[in-house]
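Chemist: Sequence:
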Amino acid sequence: MDPTAKIIKALENNTTNPSLSWKLFKYLISSPSSIKFSFHFVIPTITQILIRAEMFQEMDQLHKLLLHLPPDVCRLSLISLTQTTARSGLLDKALSLFQSLRRNFPTEPPSIRLYNVLIESSVKLNQSGNVSDLYKDMLVAGVPPETYTFNLLISLFCDLGRLENARNLFDKMSLKGCKPNEYSFGILIGGYCKEGLGTEASQLFNDMRNSGCLPNRVIYNTLISYFCRECNIKEANRLEENMIKDGIFPDVVTYNSKISALCSMAKVIEASRLFLDMQKKDELGLPEPNIITFNIMLEGFYKVGMLLEAEDLVETMKRDGIFTKLESYNIRLSGLVRNGKLLEARLVLKDMFETGITPNIYSYNILIDGLCKEGLVSDARSVMDLMRNNGISPDTVTYSALLHGHCTKGKILGANSVLNEMVQYGCFPNSFTCNILLQSLWREGRISEAEILLQRMYERGHSLDTVTCNIVVDGLCKSEKLDEAIMIVDGMWTRGSASLGDLGNSFVGLVDNTNNGKKCVPDLITYSTLINGLCKAGRLDEAKKKFVEMKAKNVSPDSVVYETFIHGFCNQGKISSAIRVLRDMEKKGCKLSTQTYNSLISGLSSEQKTDAIYDLMKEMEMKGISPDVFTYNNLISSLCEGGRATDATSVLDKMLKNHVFPNVSSFKLLISALCKTRYYREAQEVFDIGLSICGHKESLYGLIVNELLAGRELSEAKGILGSAIDRGFDVEVFSYRDLIKDLCKEGKFVEARKILDKLIEKGYDFDPASFIPVIEGLGKEGNKHEADKLAKTMMGMDSEGRKDRKLYQKGFNDKKLNIRKLKKDGYGGNQWHTILHRDDGSGLAVRVLKRVQKGWGQGSISNVQPQKKEFLDYWEDT
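Start counting the sequence shown at 694; every next residue gets the next number (our numbering).
No lab work stands behind these hints: they were computed from the structure.
Keep in mind that the hints are not guaranteed to be accurate.
[Stated by the list, open to error] With a straight-line Cα cutoff of 25 Å, these simulated DSS-like cross-link-like pairs (lysine-lysine) come out:
(1) Lys1477 with Lys1441
(2) Lys1284 with Lys960
(3) Lys719 with Lys786
(4) Lys1316 with Lys1347
(5) Lys786 with Lys757
(6) Lys1390 with Lys1284
(7) Lys1311 with Lys1281
(8) Lys1302 with Lys1267
(9) Lys1451 with Lys1477
(10) Lys786 with Lys887
(11) Lys1390 with Lys1441
(12) Lys1302 with Lys1246
(13) Lys1011 with Lys1066
(14) Lys1311 with Lys1369
(15) Lys1011 with Lys1043
(16) Lys927 with Lys865
(17) Lys1434 with Lys1455
(18) Lys996 with Lys1043
[Claimed, not checked] Ranges of calculated distance between the beta carbons of each label pair, as one might list FRET restraints:
(19) Glu875 with Gly1014: 37 to 45 Å
(20) Ser723 with Asp785: 28 to 36 Å
(21) Pro764 with Val945: 52 to 60 Å
(22) Arg966 with Gly1014: 18 to 26 Å
(23) Asp1013 with Thr709: 53 to 61 Å
(24) Arg1074 with Lys1171: 28 to 36 Å
(25) Thr1339 with Asp1013: 31 to 39 Å
(26) Glu1114 with Gly1068: 45 to 53 Å
We put the CB at the ideal spot given by N, CA and C, even for glycine.
Work out the full structure, taking the sequences as your base and the hints as a guide.
Modeler: This is the structure in structure tokens:
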């Protein structure tokens, strides 16, 4: 073994005793000069020993010792010491050593390798200033950069988001005699993808292939992942095909990207098929899923509410022994909470303790946030107590969730107590926390308290950021104070959050104009909020000016802004302008969605431009955008309003074929339209379909009964009303009084009497005036006995009504009685007054009632009327 290797071995044998290693090294450095020429090979070993032992004073001594060595040995040793120190993360000390090297050997430039090491360390620590200084020094020293150097610099610019600088440097590589390699292309392509510049990334990828430099798996996965995130599965699949042609087979990262993208697009069924194919690795040759794949799929199931599939996957993971990571448990917790399964989520937390998985603060915060959003603040408090008992202190996120819970319920005092508790436990609220409270105060119109809160935020050092300003702008827009909102947004560009001072009072002077205020500038949400407010107020010209302004300020509008204009133009009947907005969206590369088309189709529907709706729906189909139930409802509405009810019925068939399930609105539109055109049989068929799809909805029953009644289809209306009464629906939804009256006009007193009997049998409170047409009809036919009997029932309903009201006040809800909500015009003096003083020329009602009261011996008619005071007292109690 050569002497240098023996020295390194001796030092390594004493790494557990760094002091002894240091003494040994000092002894060796004073040995005969024949050994000293190999000392630069020994430097990394002793340097690492000293750094691990944090013997920094000894490192300074080492530096001084090296300076006393012969020049050649000293220079090589200093280079070795500098490189090792930089690679160990001590960049400042390494740069100090580098400066020493440059001072002591000004005519002998360091090697490109040393520059690369220092630049690489600076890049890792995001020290862009050091990188710039080193690169300049390298050029001054006449050390030509190599491809690896350029790759480091390009990587730094990409990390900083300075893509233009990165590309300029990339283009200059060939001028410096360096040819870009696959890593050069990969770094820049990754930078483009990170900033959402897919077109530039694809172009560079094509340039790479044209230059003869073949992409590697990492580059393919980077692009596939990007296009998957952009929901462009078609392009991702094309890249995968090219990847295979290049002899590079997709790995689990490739498939994880595709599954994740499908899940984010709510195409969870397609994702699950791919997931199952991966598990058939022997049959299809696909990569085997890893824990990340399982977690992505689990999160996807929960995202779309496929709880049974999610729980089955959990059981599979448990069976395979891979449901053991905290991340998996947190995904399950979050999924259950998102779907309102709070009890099950609490059981998962319990299961974590039992299986030895220690919940982290994120686990607790998931459950606390879910409970608070459901208004269960006291339960959230219990979880927070459990959290403390297990040694985890609540953080700002925890308290912010509690704060949000109180604010949602309008409990500002409770929210204030949360803020005080935060400070008490040493967890100070941040701007996000205060913004939650600010938004709640503004929403409730407690402007003076909002001003006080803003003042406190400023006093306690919380910057009033763009979010704060957006809350104020939103509040002003909702309060229809649009001019003040415009004033704030305009002021934000020059004075930041100090523009809030324009509102007066305690807003004045909240932020120093020279400090954070300038950083608070309008963003997309600011302009979206203001433009939406202006469009709703019909101030479209001003909204357009703000749209032009935001583009001039490099704030790119998104689909929400465009849709706001489409909706605004449609509301004013400016359909052609709305269509121009749609076309402008396409030109600007803005993503079109079902919602985008729905906004325009809704406007076309109100104008009954059915053919234009069909054209847009064809366009949606060509672009792979699926219409939803609202799209079809607008089409149905347009057809119905245009008198094409039968065509609208065929739309219902198309919806079902396309697996778009109609809702109650779909059927109400069709039923109304068919009845207006007197297609009553077809309307009843649609009604039956509606019941089978949407269930027995009260609104559907009410609509068809009233429509049939309006068309004098009394028999059909009576039958459906009977079914509605059997189901306990609110009788006031139906025109039952008119039905009874119309049946009596046709002499069908028995049928009318049956409706009254059924209402009484089911325990309904209903209008006593409904008896009058039947009583009158029976009297005119000479059926005095039945008329008297019915009148007695009518008068007796008042005492029964009082009993029912008492039950109602106690919260009685027996389905057999179906005690319905009373209305003031149901049993009050007003209805009885109407009964007794009807001016229809017959006077029969009064005569019948007088005859009945005489037979019953009940005294004057006035005793029949409920006491006015009792009635009013009852409603006051309610």
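Chemist: Quick check: which numbered hints come out false for this structure?
Modeler: 6, 10, 11, 12, 13, 14, 16, 23, 25, 26
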